[in-house]
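Q: Take a look at the letters that make up each chain.
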Amino acid sequence: MSKVLFASISKKFVMALAGLFLLTFLPVHLIINFLLLKNNPEPFNKAAHFMATFPLVKIFEIVLMAAILIHVMYGIYLQISNWLARPVGYVSGNKAETSFFSKFMIWTGATVLTFLVLHFFNFYFIKLGLIEGDPENFYSVAHNLFKIPAYNYIYLVCFFLLGFHLYHAFSSAFQTLGLNHRIWTPIVKKVALFYAILIPAGFAFISITLWLFR
Amino acid sequence: MKLTLKIWRQRNANAKGNFETYQMDNVSPEMAFLEMLDALNKRLVEEDKDPVAFDHDCREGICGSCGMYINGHPHGPVPAITTCHLSMRFFKDGETVWIEPWRAKPFPVIKDLIVDRTAFDKIQTAGGFVSVNTGSAPEANNILVPKSHSDEAFNSAICIGCGACVAACKNASAMLFVSAKISQFALLPQGRIEAKERVRAMVEKMDEVGFGSCSNTGACEAECPKQIKLTNIARMNREFYKAF
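So the protein sequences, as listed, match chains A and B. First residue of the first sequence: -9, per my numbering; consecutive thereafter. First residue of the second sequence: 181, per my numbering; consecutive thereafter.
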């Protein structure tokens, strides 16, 4: 049984489930972020307060953190195993026709993770009380960050790469879960494209608006 | 046609290999790729040099032994064929052709372009069979099989185990091969009886021999000479989850 649990397919299964769970959180975060566009800080701060205190959300938060941790750890583990499976590469390269984005998942993932760490330092660790700051006024924290051009550059690049990551991840997760279907798989791929453009575009829109037009 | 060949030469499994350059003049576009290598080897033998070692057997595209990595593609740049079916008309006069062995930890190089593909045999013997007593052929209509299932099982069973999927995959994953071998039984009633044991054993062996895991890039499907589909991998995953 332990061999089944620790098989490569099992690891990918867990990673796919964790990834799909993370996909559900992004639209929620985006909707809350749209409140940053209001001139009144109260709705955003109230939403942030709700997310920080409501018991059900607290449970969701634990699952979310576990999902991030599992997704990242299994991702790194599988990537290292995959590298070890080909110790000597090809001189003539690999010219197989494949999905462009699928080749760089570890690098787009690493970029997103780097941003996540930065994001945690800016917001989440303040909420946890690990670093100094006012957790009741994340509206002004966010507005101040988006006034820094360098922060916006990093933000936009990270979300652009997140789009690449999401596009492959979305449909790939279904394949890993064994859900491949003659009719549904092409639809899933279209939804993946829509999701991978819409979500990063939404975050980028907020960043650009607050940076250049406020 | 004149060609410059860059071929991986490695004396044995333990030796350090390197690329050797060979100039080939008078290559006919009508030649098969392996014939071109035969011509090179004839010349090398005449020059009292060690000929290039490469696997080949049927030269009909069904044995899967002639695997070599040509200009960035397993079996060469033409889709859906094996190296033995690759014609020299697909190359241009003056072109440099890089010829490498499959690269994967479970496929160690034995000599030059020949790799040891015993890892596939180990996976196959772990569960890629149906345990029945052999005897006279049973009545075909005793167990009814839907046409769509038998067609799909056949499409999986045509995998020749050449290893191009492993060679093409950036992770050196063997999941297309293993999933094809699992699918050909999973789709038929005779194979369902041992389905759980089979998928567990074959996946366990696949991991044990050191193949990478699937990232769903689709390189294996794109390069497979028998056009085995990625849907097999999804089916293998389903079979594996059902085997818990």
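Treat the hints as calculated values from the structure; they're not laboratory data. Idealized CB from N, CA, C, for every residue including glycine. Among the hints, erroneous ones may be present.
Computed spacing ranges between beta-carbons, pair by pair [stated by the list, open to error]:
#: 1; chain 1: A; residue 1: S89; chain 2: B; residue 2: E240; range: 29 to 37 Å
#: 2; chain 1: A; residue 1: I66; chain 2: B; residue 2: D230; range: 37 to 45 Å
#: 3; chain 1: A; residue 1: V81; chain 2: B; residue 2: T305; range: 30 to 38 Å
#: 4; chain 1: A; residue 1: L169; chain 2: B; residue 2: Q407; range: 54 to 62 Å
#: 5; chain 1: B; residue 1: D237; chain 2: A; residue 2: T104; range: 18 to 26 Å
#: 6; chain 1: B; residue 1: K222; chain 2: A; residue 2: P176; range: 46 to 54 Å
#: 7; chain 1: B; residue 1: Q304; chain 2: A; residue 2: I66; range: 53 to 61 Å
#: 8; chain 1: A; residue 1: V53; chain 2: B; residue 2: E377; range: 49 to 57 Å
Q: Could you work out which of the previously given hints the structure breaks and list their numbers from low to high?
A: 4, 5, 7 and 8
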